[in-house]
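**Student:** Respectively, the protein sequence lines represent chains X, H and A.
Under this note's numbering, the first residue of the first sequence carries the number 1, and numbering increases by one thereafter.
Under this note's numbering, the first residue of the second sequence carries the number 1, and numbering increases by one thereafter.
Under this note's numbering, the first residue of the third sequence carries the number 1, and numbering increases by one thereafter.
One thing to keep in mind: the hints can contain errors.
Stated by the list, open to error - No more than 25 Å apart at the CA atoms, straight line, and that leaves these computed lysine to any residue pairs for SDA-like:
| id | chain 1 | residue 1 | chain 2 | residue 2 |
| --- | --- | --- | --- | --- |
| 1 | A | 154 | A | 246 |
| 2 | A | 171 | A | 207 |
| 3 | A | 154 | X | 112 |
| 4 | A | 175 | A | 194 |
| 5 | A | 154 | X | 180 |
| 6 | A | 175 | A | 147 |
| 7 | A | 154 | A | 215 |
| 8 | A | 154 | X | 106 |
| 9 | A | 154 | X | 77 |
| 10 | A | 154 | A | 169 |
| 11 | A | 171 | A | 202 |
| 12 | A | 154 | X | 110 |
| 13 | A | 154 | A | 35 |
| 14 | A | 154 | X | 108 |
| 15 | A | 154 | X | 19 |
| 16 | A | 154 | A | 167 |
| 17 | A | 175 | A | 210 |
| 18 | A | 171 | A | 198 |
| 19 | A | 154 | A | 227 |
| 20 | A | 154 | X | 16 |
| 21 | A | 175 | A | 53 |
| 22 | A | 175 | A | 203 |
| 23 | A | 171 | A | 136 |
| 24 | A | 154 | A | 198 |
Quick caveat, the hints were computed from the structure, so don't treat them as lab data.
It should be emphasised that the depicted structure is a prediction, and the values quoted were computed from it without experimental measurement.
Each chain is listed here by its residues.
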Amino acid sequence: MTITTTAPANRAALLVLADGRFPAGGHAHSGGAEAAVAAGRLYDATSLEAFCRGRLDTAGLVAAALAAAAAAGVDPLLLDEAADARTPSPALRATARKLGRQMMRAARACWPSPVLDALAAARPRGAHQPVVLGVTASAAGLGPLDAAHAAAYEAVSGPATAAVRLLSLDPFDATAVLARLAPDLDRVAQQAVDSARLALDSDVDALPAASAPLLEIAAERHAAWPVRLFAS
Amino acid sequence: MDRGGRMTAVVPTRATAPASGVRAAARIVAAPDGRGGTALPVLDGAGPLALRRTRAVAPGTAQVTVVGAMSAPLGGDHLSLDTRVRTGARLAVGSAAATVSLPGRCGRSATYDVRLTVDSDAELCWLPEPLIAAAGSDLAMTTRVDLAEGARLVLREELVLGRAGERPGRLVSRLTVRLDGRALLDQGLALGPGAPGWSGPAVLDRYRAVGQLLVVEPRFRDRPCQVAVLPSDPAEGEAMLTPLAGPAALVTALAEDALMVRRLLDAGRQAAAAAAG
Amino acid sequence: MHLDHPETYPQRYSHPSPATALSGKHPAPTSSSAPTVRPDGTRRALRIGLGGPVGSGKTATVAAICRQLRDELSIAVVTNDIYTREDAEFLLRNAVLPAERITAVETGACPHTAIRDDISANLEAVEDLEETVGPLDLVLVESGGDNLTATFSKGLVDAQIFVIDVAGGDKIPRKGGPGVSTADLLVVNKTDLAPLVGADLGVMARDARTQRGELPVAFTSLTEPDGIAPVIGWVRERLAGWTAAAA
């Protein structure tokens, strides 16, 4: 039996990019967890896992596919448009652009690249975060699968971290949820890359558009709260 | 059926259905009749999709009703419905009853593809009754809409998981709308057995009916509608009206049953109409 | 994520500048690592951060600075609330500045993260204010009420004020922590309450000196007329230095 020991040359850059401490604004967002807690739908580790599974295969899959496609070289402005079309909630569109702008700032400091500069110039108020993430991955020498993994992981790690703060959930339980989701993260990342390949040969309609109606509606409710802990 | 999506006349078997399933492609073309009205130069029903021109509700508009002559789609069926509305024409399409996706004898999945093309200065109201995924069924439904700049559209889609008191069937849906070639709305749902996370607190939770109502209206370009979370008892359902990134408004509704989804979509449509002025 | 150190943490590890290395234990006044010019080449506004424990009077201090200086300077404020817009709304209600000059940053239950570990949202808020209300002379960034370890990143502000109050106990300066020991200005607020809570201002001043060396301390009582004066004097000095550096 042979063991493959080769990894992409810049694998460690993925750890930098996917680190929860990467300063791109994510800490202030709960990925819909705060609204789900308020609605009584998220209250313990089991419901956190159910929440994360739903988010992973909807918003997470779409984000991973957008990121993979951007890393693969699909026109980021078309992807930005595709992201808008996949996000009916204006609050979530605004959040995605705000986070995209924050990620752009961190990305240009870490991996200066003309591709990042061009996207920043074309979308000064921010492109959708997964698109920026994908372009960043490519600027960091990473590939579409890396970008997809980072986006998919972020889709579940954000709510898990927020749930620890919101529910005083045992952090070991919350992290165990993420560990149990690992095979699904791999599956979603691969699915995202497969669709990104199709999009490269055809158009952005080849990317998944999996929607989560409750996340969208709850995001609009949450945006109207006068008092909240998280920005989204 | 009544408006609650509970079938009063279920036709669960199709005695003559071939084991391999039906392939059927129906077509509608609407064009101005030259007298201020709308003609239907093409009205071709096929297989289980029978088409009837019915009495118009609005003047100048041609009304077509899809009559489910046989219960469809069954597993293994491949149905398509292609509709084009030419410049200056106005078409409204509805259906006589809910469409019920049923398991086929071959255990294969079914597909139902709807393709809508609306030219500039043309109008389409696409308001079918709900699509119900009966227990054991497996259907992939795609709706692809291409709008020219200046086209107007009202489109409703209601998906219900299982008939009353029944387990849900499997239903994968995709609604893709392009305006002048650019992505305007793209929404997919993968629901029922085998779809990950769909019944969790991020997607449908305990709701079993979901609906969207899209209004594309050139006037929204200068005056987009305001976001509104529609008032409702969360025990029954919840919904919102949102402006899209183009000249369009979308109502998204979730509820216990088809009746409540319809109520919420209607309320959202009224709010959108008020915004359009 | 939290990167908090326990409150007994004795000293912030700051990278000593050559000046610090020469002058001894305490670092030189913060100087921001953020670019000091705007995209058009003009010098951007001086950014001052205000941190400190909950209830010590950060928002009141911001309000007092604005009232004193708003007629001669173009000022804007960024607040970092734990519960979103509370502080911003206080400033709005009290008509300290026009609404378009006040922005609230949401911090996801971690106010210190937003001013230290991940400053991207605050930087964007500051830049947006510069863009929408025109050239500014001074931007005040108020942190959400936090603990004694919260300090501002040098990537965000040019100087920072740490606000404590006598009602919090006269032992706070002795306990030290990065805010007390390294802030460019330590404000000891609510001195009028000292007799009521049995706080000894002399002890506080002495302990602060031990922790801070030559770094300045201002005692304020915002209920008294011109009680903010010592802070205003310090802000004016910083502004003069900022402007002189541009010349």
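**Student:** Hints first: check each against the structure and report whether it holds.
**Tutor:** Results of checking the hints against the structure:
no., hint, verdict
1, A/154 - A/246, "holds, 19 Å"
2, A/171 - A/207, "holds, 8 Å"
3, A/154 - X/112, "holds, 21 Å"
4, A/175 - A/194, "holds, 18 Å"
5, A/154 - X/180, "violated, 39 Å"
6, A/175 - A/147, "holds, 12 Å"
7, A/154 - A/215, "holds, 17 Å"
8, A/154 - X/106, "holds, 15 Å"
9, A/154 - X/77, "violated, 34 Å"
10, A/154 - A/169, "violated, 29 Å"
11, A/171 - A/202, "holds, 11 Å"
12, A/154 - X/110, "holds, 17 Å"
13, A/154 - A/35, "holds, 11 Å"
14, A/154 - X/108, "holds, 18 Å"
15, A/154 - X/19, "holds, 22 Å"
16, A/154 - A/167, "violated, 29 Å"
17, A/175 - A/210, "holds, 11 Å"
18, A/171 - A/198, "holds, 11 Å"
19, A/154 - A/227, "violated, 29 Å"
20, A/154 - X/16, "holds, 21 Å"
21, A/175 - A/53, "holds, 13 Å"
22, A/175 - A/203, "holds, 12 Å"
23, A/171 - A/136, "violated, 38 Å"
24, A/154 - A/198, "violated, 36 Å"
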